[in-house]
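Quick mapping for you: the protein sequence lines, in order, are chains S and H.
For reference, each letter of the first sequence is one residue, going 1 to 285 in the working numbering.
For reference, each letter of the second sequence is one residue, going 1 to 280 in the working numbering.
Calculated from the structure, these hints are not laboratory results.
Be careful, since some hints might not be right.
Said to hold, decoys possible - With the C-beta cut set under 10 Å, the calculated list includes, among others, these residues of chain S facing chain H:
1) R2
2) W5
3) A13
4) E14
5) V24
6) T28
7) A30
8) D94
9) V105
10) R106
11) R150
12) Q175
13) A274
14) A278
15) R283
16) L285
To be verified - The calculated label-pair distances, taken between Cβ atoms and stated as ranges, are:
17) S:G111 with H:R21: 50 to 58 Å
18) S:R17 with H:P164: 32 to 40 Å
19) S:G111 with H:N39: 28 to 36 Å
Just so it is clear, the structure is predicted and the values come from calculations on it, not from any experiment.
The C-beta atom is built at its ideal place from N, Cα and C for all residues, glycine as well.
Spelled out, the chains give:
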Amino acid sequence: MRGAWTIVGYAFAESLRRRVVVVVFALTLAFLALYALGVHFAFAEVERSEFVFAELVEERALVGGTLLGLAMFAVLFLGAVLVVFLTNGVVRGDAESGLLQPLVVRPVGRGTLLVARYLGAAAAGVAYVLVVYMLAVLITGTLGDWSPDRPLGPGLALALAVAVVAALSVLASVQLAATAQGIAVFMLFGAGLVGGLLGQIGEALGSGTLERIAEVASVALPFEALYQYSLHLLTESTSGLTEVVIRLGPFGGAEDRGAGLVAYALAYVAVVMAVAVALFRRRDL
Amino acid sequence: MPAALRVTELRKRYGGFEALRGVSLEIAPGEVVGLLGPNGAGKSTLAKIAAGLVRPSAGSAEVAGHPAGSAGARAAVGYLAELFRFPAWMGADELLRLHQRLSGSDGGERERAELLELVGLGHAARVRVGEMSKGMQQRLGIAQALVGSPRLLLLDEPTSALDPAGRRVVRELLEGIRERGIAVLLSSHLLGEVERVCDSVAILLAGEVVARGRPAELARPRGVEIETDAGVRVIAGAGREDVPRLVEEAVARGERVYAVRPLQSTLEDAYLEAVGEGQE
Ligand SMILES: Nc1ncnc2c1ncn2[C@@H]1O[C@H](COP(=O)(O)OP(=O)(O)O)[C@@H](O)[C@H]1O
Ligand SMILES: [Mg+2]
């Protein structure tokens, strides 16, 4: 146990030294500033406009929800970038540079080592997502005077999506050299998002094939489904015409998969990590 | 007490290539063994199997009675790879503390200070790895491998990246380690240092042990050189015990003898003989 915490601490200290942390931090500040600006002007527009259906649609919820939904996509993306870089080269990359062997030789055990490194990166990613998401909620609330009724749920679903990406990245690090690992995980990330898009297109066109592809993609790469689920949680309280209008925007795929999806994602992470540990144990270093 | 290292009929295949072909070797507790062999002989592979980094294809390896790679074996072993790196941002003392925690050592501050002193980095406890010369990193690597007082120390070519002065420091360091009663497997392709610090030597060639013994046993007499007023001659095949007779014969021939020297073959000769002149 003590060894595991030592590795988590080591991984954390090591992450803080990576240049990517500075890059993600700078990108996050830039994103939040732009987001604040966007929220400010969008709501200023709402004040002025003479919207025809003003009676029927809660404009503030429509604008606020749409903007926050887009912000959450940015948070998911930045969170994914963060965890992919934090787990970059954790096994094969570090083994090739000679950093890994001195640690593996110690009695901690390979399984503990890998799980500890995963937990370190996932914890950093989850904390990052929650903080930036909450800042975005705060900005929407202050500058736009709209907040989701239950703000925590969407943030947690988003954080879980990033934890899934981190697990895939650790698995990739066992087999692939550092650069290939980064590329592979971002390709998977893109594939998951495209899968979700195909599902929306399929739904709009009534294409069963596209919807089935999307279904498979969401089982194989559940982070996109988690993102859709977080959007669903965000707009859970909106109803009637507002809901219909919101669904025309980025919320097209927002779906209620509920507790089943969360349980599936947790089991998915456990299985991915079990496979990663099994492969790591067999590996010559 | 079980052997510090015991490998029996050890084999390792990498794909279709057999890097170790039935190696058997034993290191007694406290024994310092030099592992010699040209590049590609399998020295690093053997050290990695003992350290639990590489899984053997066949045969067995035990460290202090525990199967290599098991938690018990890993607790008994200290390892310094041929190519290693420590995080550039870590200080020397910080690195040793990390390894104390990982190895469960309770030596605390005292063990760290002692090890840094032993490797001549007593003044550099706060210096970061990134600011160290290659030689300092190598010495820090040895201190790291000694954390937790291992029963067996595996040093894979610890001097190959060093200049002659650095090599000498490491050699002196090994003398200090020997005094602590730690068994050492020192792999090297530099014969001089092995000859000076090792109790015994194993020569590995293409994955097989081709010679094993004390340096003096491996180094055989090579003849006697005799210098007289008739010139310098070498009597091949002669040894120390032949010297009185050779001098008498020379005197009997009426030559004036100025010097007689039995020629001891060096470990290098033994090595080249075992490995074949073509190599290195
Ligand atoms: N991971 C590996 N994959 C394939 N071949 C390897 C691997 N490691 C070592 N070898 C091969 O095994 C042989 C022995 O290597 P090594 O143990 O490093 O020798 P040495 O340390 O004596 O130079 C070499 O021919 C090397 O190319
Ligand atoms: Mg080698």
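Hint numbers the structure violates, sorted upward?
5, 6, 7, 11, 12, 13, 14, 17
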